[in-house]
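Participant: Sequence:
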Amino acid sequence: MHDEEPPPTGDTAQDSTARTAGPLDPAQLRRITSLHRGFTYQNLYAVGCLLRLREAGAQTLLMELDEDLEVVLPDRHLYLQVKTRQGNLMWSDISGSVEQFAKLRAEHTAGRRPGAPKLIVVSNTAPGRDLLQRTQQTGWPAGVSLLWPGHPDPEETWLPPTAADLTGVLQWCTEQAARVPFGSLGAQTLVWKLAARVQYASAGAHGRAFHTGDLASLYEQFVEELQAFPQVPDVYWPPGGEPELTGEQRVRLVTGFSGAGKTTWAARAAAQCPLPVTYFDAGQMPPAVVPGALAREVAARHLSGPDALSLPSGAGIDVLRAVHGRLTHDGTVIAVVIDNVHDLPSDDLRLLVQALPTAQITLLGHPHPEQTALAAHLGVSAESLPGWDTDTVAAVFAAEDCTLDYPTAQRVLALTAGMPLYVLNSAALTRTNYAGDGGAFCAAVQEQTHLAPTAQERILAQTFEHLSVLARTMAGLMAIAEVPLSSPELQQLAAAAGPIRPAAAARAVRELVGLGLVQTFADGFAKLHDAAASLALHGSHDLHEEAALRVEQTLTDLLEGHRELPRLARWMRLLADTGQIDRLLEITSQEGFYEGGFPRELRTVIADVAQDPGRDAVDRLDAHSALASWAYGDTNWEAYARHVHAMEVLASEGGSGIGPREQVLVAIRQFPLHGHTGDNEALDATFRTALAELLAPSLLERSLRYGYVQGLYHAGSYRAAGPAALELADAYCVHLGLDLANLHGPTEALQQACLNSETPEDYKRLADCFAMHVKCCRQLKLDYGSAAFPAMKLYMAAGAWRSAVDLGQDVVETMLRFDEAQAALNLIDRQLLPITQAYNLPELIVGLRSHRAVVLARTGDIAAARTEISSLTRYEFTPAQAADIREQASIIEELAAQQAQGRP
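First residue of the sequence shown: 1, per my numbering; consecutive thereafter.
Hints listed in this document are in silico derivations from the structure and should not be mistaken for laboratory results.
Positions of the beta carbon are idealized from the N, C-alpha and C atoms, including for glycine.
Be careful, since some hints might not be right.
As the list claims (entries may be wrong) - With beta-carbon atoms standing in for the labels, derived distance ranges:
(1) Arg501 with Pro660: 54 to 60 Å
(2) Pro152 with Glu465: 51 to 57 Å
(3) Thr332 with Pro141: 38 to 44 Å
(4) Asp582 with Gly737: 29 to 35 Å
(5) Leu699 with Ser786: 28 to 34 Å
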């Protein structure tokens, strides 16, 4: 190459040296520059050959022996002469090489060298007219060809194309280097490294040879699994109903906020997956590098080293397809988990899925606006993990030395949506900032008085920062609503907040849905995600006072008349917030009000009414009656007595409006108190006096008689109370037109009759009578037959849910006496437990589940029974609950011992 003329560089050279004067001999500088440019061009072309060596199926590339470059293939031997010129390539430039090639051909013909020889002259410029004419004449030597820009060799198509200058050949080499599978170096870095190695070999190093088998190390290729699932915690709490990693569909899209436990679940599920699993985290990766990086991870885990390194060169997605092709050829089916897919454009993600057509793929990511379209293109539905249940919440808090009763555990669950990171952080904050008091933590977060930010606030705040102003407003309105709303209802709420058009409100809700902040339901309703509620309320603080009042009033109107507990409970709190106390008292005066888990904060409002001397006497009496009923339900006899005495004073003062109804109400509240204190004389006197003051006939008489029976029960007069209750039940049946067929028929028929009745509370009173008979028999250890069945059905028909669960447990005992353990378990699982959840009765769940544990043991499943009891031990108990669990656990162990001895 020492006689080469300097080719153009294609670069605008700049003198970056500190010396401003030129060289003493400019001609010498031009000669030196020409020499080095020529060698650099040859070296870069050799690099191009190295990058194509596998594709050609070649064995070896030789440097500076008989020719500039030599390529040894299984059936032929190529001799490459590299020429660079500023003008056209002339015959005189290559005549020496052609003459030498005749001698080389003779060596091959004689068998002293293997393979068919060929001379290829590689030039950066086209041949001149004379040379071109020579190549077209019949005397042109066989096996000699020319290669110049735009004119590739027709037989050796794998050879790198030539370029007019160094920039062109460097650019082509860089593009080829980028296609090297599993390369650890940047493309241009690899090119210059190879160029240096070529130059070193040209000086005689390493036998002047590059062998195909050495290319992997030369390219610095590596196939090593760089990613692995994060470590599963030593103590792992699975999400409720933990799903398997792979499902019926080949592709799964699992979404959830950061902290939802997606990756931990996948790591745990992978250990139990029957297929080999590759984990790949696409988070914060440039999308262009993801396919190649994923291909490396899959190849490292599922292909042997030589198989992986010999994959054809190509773009990342092509290599991924090639990896899949090898796996398919070997009959290997794999599972792939791709994490943080929200960082990838949907089109790129679809290409990844398409490149692995037989793999079971699980995609993990945050909710994002493109999720719906992506799921549609993939033909799947986005899934979310169910999160932790109440038992797990209790276990997490117990691990932090913070104990929760069941209602408080449910409050934590509602605040955190059961998301693992949020629950763990809440438990840690409760221990460090609230001395282990879970109730205090919940109250502080709900009232937004907590000082230490929670993990969910820090995480979700990043999402809220990117919301449009209108989306934040709609989130705030949905946080105020708390309950699912239909699209028209949301539009009305938006209109009350300000001049927000329906289309704009709907667009803002869609924005929230796309980010997973709003959940939509099949019936067309939408609700703010529980985890986002506290942050979303900040958006409502921006409302002007007048607009906030309009929103509250509009929401009150929207929720009025609905029977579903969540809407009814929210409506009652709105009545208190908007000062509609009279309507609230009207609701709380109904017996059935105490049968559902209505908001406990209403007690404060009612207590204020009871103590307000400016209020009407009837309102104050009704308020004390409501408070007495709450105290009775809590078995707080001291508070109960205080409110009953206050009612007596108000009734004796004879304020305006105090009439027969109020007098009977006072008497009904007095009966249990007289019975509890053992004052039977006062009990009888109160009953006779109240009965005598009633104008006959009166609808209040039956209520009064039941109150007296209730007093007898609390006095311990079970033998009198039980028969009296059945006698009163007969009177109610006559009044309501019911017979035994009705009572033992479908619950739906009773419910419809109750709805159509002018006195629906009488259905509950009839149930109370049957229930009282059952309670008395229970105290006397007598068989109460099937009396619990109609009581439970009537309670369900009347919506008396607390009592329905109580009597339902008596029905369970009846079933167990008839050896119908499975039917008893079905009643608990399909009716009683769902009632406690639907009607917010968490205080009943511990007792119901301990009962369930015994039923499980009676079915023969001792292991499940022990597990159920063990789950309950994570909670903080009342003394009565603790005694109940000890008793039920003892029964289970007795049944286990009988089972071990083979006794029924």
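Participant: Which numbered conditions among the earlier hints are violated in the structure presented, ordered from lowest to highest?
Facilitator: When the structure is compared with the hints, only number 3 turns out to be violated.
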